[in-house]
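A.B. asks: Quick mapping for you: the protein sequence lines, in order, are chains D and G. At position 481 of the first sequence the residue is numbered 481 (my numbering), and the sequence of numbers has no breaks. At position 337 of the second sequence the residue is numbered 337 (my numbering), and the sequence of numbers has no breaks.
It is worth saying that the hints were derived from the structure and are not from the lab. A couple of the hints might just be wrong.
To be verified - Facing chain D, a subset of chain G residues (Cβ under 10 Å, in silico): (1) 83; (2) 85; (3) 154; (4) 176; (5) 180; (6) 242; (7) 246; (8) 252; (9) 260; (10) 282; (11) 287.
Since this is a predicted model, take the numbers as computed values, not measurements. Backbone N, C-alpha and C define an ideal beta-carbon position, used for all residues, glycine too.
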Amino acid sequence: MKRFASLLDRLVLTPQRNAKLRLMRDYFAETPDPDRGYALAALTGDLAIASVKPATLRALIGERLDGVLFYYSYDYVGDLAETIALAWPEPGTADVAPPLAAPLPKPAGAGRSRGYPKDRDKARLADVATTLSLPFDDLPEARPSRGNARTLPQPDASRGVLSPLVGEEEGGGLASMSEDGAAGFLDAGALGSAVGADDPFAWVASAAEPATPTHAHGWRATPGVGHNAPPLTLADVVETLQRTSKLEAPRVMAAWLDQLDATGRWGLIKLVGGALRVGVSARLAKQALADLGGREVNEIEEVWHGVVPPYRSLFAWLEGRGERPESRIRAPFRPVMLSHAIADSEVAAITPDAYAAEWKWDGIRVQAVVEGLAKRLYSRTGEDISAGFPDLVQSFDFQGAIDGELLVGGHSIEGFQLGSFGDLQQRLNRKVVTEQMVRRYPAFLRAYDALVIDGEDLRRLPFRARRERLEALVAGSRSQRMDVSPLVPFADTGDLTRLRSSPPDAVIEGLMLKRWDSAYEPGRPKGPWFKWKRDPHVVDAVLMYAQRGHGKRSSFYSDYTFGVWTDGETGPELVPVGKAYFGFTDEELTEIDRFVRNNTVGRFGPVREVVHQPDAGLVFEVAFEGLNRSTRHRSGVAMRFPRISRLRWDKPPGEADRLETLEALLRG
Amino acid sequence: MAAGVAAPYIQTVRPEDLLCPGPSGLFSPLGDFHIDPTRPVPRALITHGHSDHARPGHAAVMATADTIAIMEARMGAGFSGARQPVAYGEAVTINGVRVTFRPAGHVLGSAQIVVEANGLRMVASGDYKRQADPTCANFELVPCDVFITEATFGLPVFHHPPALDEIRKLIGSTEQFPERTHFVGAYSLGKAQRVIRLLRDAGYDRPVYIHGALESLCRLYQARGVALGDIRSATDDSKAREEFAGAIVVAPPGAFEGRWARRFAEPLVGFASGWMRIRQRAKQGGVELPLVISDHGDWDELTATIRETGAGEVWVTHGREEALVRWCELNGIAARPLHIVGYEDEETEGAS
């Protein structure tokens, strides 16, 4: 457990992809089965254990630490899981003492009348938080101020004697922050409803215990700690939780927390809390596994659905001690074939006899697989996303494996219309989907390749032959949710150039060019398939905030938040519309860094606010692939794949673009 | 004389007569001196050399010889008028007030100042820690009536693991990422030297590179008997950036943000501080390798020390006062926050 917690601890603070991979690879190499397998499952999101609710953990720490001290701690740390992990009594520190109650004080006006930050400051903090990639509810404004402007009652210092904090407000409690960032003390009357409410961050002190505030460390005694128990392993935790009832879980958790150090406790709380959120995707974890075995990641993906935690057979195979695990499940995933971006010099070689052209759809690449009664939909990395698209999956009436684009239908009064990528996003990353979602954004599959049909593996056949089989399959299907991506006729590269720059639908992002004779090869072979994207959108935006990078760039301000103009309450003001950290040369980076350092007007940790006035500041030409609506940015828009395409030293910030320009683009 | 047992024939001295918070910090009305004053005063007793406690411009300064040497190294020869070095345990009487310096275990030369008159004993502990530290004398417990404590890490979330374990994490990382230069942010007085010394104690015998700002204090520590091994200037332009691959570079926390840091290969930023216990704090500061090494007591050390002094009354000078006051109250010890403004400047520098 300790080793796993240390891994999570390092991952959460390590921004570089390669460093994350090394941390995971080394962990897998050094950790024995079955711990490493459970760790892998936790990282890929494939670990099925009942989660322990924050309310349970809050109750546990409430039995061990004075409520006021917990409040001060939570106020300082800001994160509930981390506060509990850190404030949990260290092994051997708790003295035996009678339990105490700590009805919490309810100071007048605490958390309400602070008058800080002002709205404008709030907006600025919000921008900075976005820049820092923090969730908004982690903003300083989301909790009573740290340290200085404390509004809790203080002992009467003039007499050198304490006035008891405990008192007046029986059962007064502290509140804490809910997800929307509201902070402060709850009214006593609101406490009842907060207990057991679903808000995972509501902390409520128990008022039911007798008030005898005499104990040692502020911590109450921990009963029954086994000091000589062998170190807790991840397997112990996972296997125990798999057979522990909800009722028993708190007792089991408490015993573990007593045994572990702070990092271990934090890791344990993360593990039982559901999503780990340590900046590792399932794909990245599989890449680390591939690195461990000296294999390609698509080989891992291919066998992935045939193995289960703790993946002993998978590790045995990667370490050369066993056979390749055979896929035992029906309707397995098959690694996909990817394309290269075409270089200008390669365009001339594209002729209609050698290449087929298709539209490049702006959806997500999926693989639809049906075998017997098993129907599955996979993402291009082999993640099973069937549960999010029941409407589409149920409609499959073929046997085989089809490669295509997942798109959603729009909601136009003119009838069926392709939905934008933003619409599609409404349906992504959902474990379950509501009836309303399905109605509003019906999903469908635009097929462009066939890997298997009726049990026959077609991957070695040329594209032309596969395509014919695919067209026949779709023609014979009664599904309303599947069609074939049409071929785009062309005579020469002139045609292609025209088609690419003026596609007939907004949901097209360019052309796909595929050799007629290409076999279906997993990975990204050079030559058979090209993508030729249309030119990006560009906008002139003003640099607002800059953040230091990491690794080689840790002394450079290399991550930029930029904004465009809109009408504020007091005249034109800039709103952030995106963040970019590449697209410039090393020389340009040095120039921008110098500009940032010489024009800083505010500092927030690693972030600097840079001058951004109509007549002073730096304008970037920003290229991007598309726009989504966003509730995260104040501007309401978020860019896809933004990068700095040019530095406009010549352009006064006042002449940069306005938000209306982007909004028009959003409306299509 | 047993602490707190005033003979009945002696006129009782109130704590406020012996020491009280004033506009320039802790002041002794009876003895007419200040402890760690925040502005220039006629007579100052200094607990240790950190810039928030040791300021220039006093007419007379009393401190340990190490602290006086540190003040001179940091502020120049003219940092004060008269100076009087005192040894640990040596009693000095000022206007009828008996003053003794006892080790505080914080940094080289750091002391608690014991102030006594008419059987009342008060201890101004300055900054202190209980964890052993090879670069300074260990904390010495002094039973007293009134204990004046800091509360820099005065919250139950603060627990400092053994410093050597943290140092082993650092050495482990240089083995796991041998191509990256390992930066360690450390305050220039005390922490930097402790980190280097702990590296040696952990068996690390490669050169340790230091930022120019650490040089004079590292030399001072060495001259005063703290062995730091092979330390070299990190600001060596003749070295190619690859030569720093896998090396450990110790510098003040802010240095890694500056252009100075560009001479190193793929830096991995570490920071040695008690604040590193809070993950979010490490993350916001761009710290990849937090090392929880502090020169202050953690929650358990603070509360254990208060308990062991047997003090019936506790004053809290700076830090997270309210939580420590709350703890005292739960344990039936009278406590009050002093709200002394001006401390903690150096310790929080670059910490966020």
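A.B. asks: Could you run down the list of hints and mark each one as holding or not?
C.D. replies: Each hint tested on the structure:
1. Proximity of residue 83(G) to chain D is violated relative to the hint, the smallest CB-CB distance being about 34 Å (cut-off 10 Å).
2. Taking 10 Å as the C-beta contact cut-off toward chain D, the hint placing residue 85(G) at the interface is violated, the least distance being around 34 Å.
3. With a cut of 10 Å, the hint placing residue 154(G) at the interface with chain D holds, because the nearest CB-to-CB distance is about 9 Å.
4. Given hint, residue 176(G) at the interface with chain D, holds; its Cβ is 6 Å from that chain's nearest Cβ, closer than 10 Å.
5. Checking residue 180(G) against chain D: minimum C-beta separation of about 8 Å stays under 10 Å; hint holds.
6. At a threshold of 10 Å, the smallest CB-CB gap from residue 242(G) to chain D is about 13 Å, leaving the interface hint violated.
7. Evaluation of the residue 246(G) hint against chain D yields a violated restraint, the C-beta minimum of about 14 Å exceeding 10 Å.
8. The beta carbon of residue 252(G) comes no nearer than 14 Å to any beta carbon in chain D, farther than 10 Å, and the hint placing it at the interface is violated.
9. Contact between residue 260(G) and chain D, as hinted, is supported at the beta carbon level, the nearest pair being about 8 Å apart and thus within 10 Å.
10. Annotation: residue 282(G) was flagged as interfacial toward chain D, and the flag holds, the nearest CB pair being 6 Å apart, inside 10 Å.
11. Given the 10 Å rule on beta carbons, the hint for residue 287(G) holds: about 7 Å separates it from the nearest Cβ of chain D.
Checked against the numbered hints given earlier, this structure breaks hints 1, 2, 6, 7 and 8; the rest are met.
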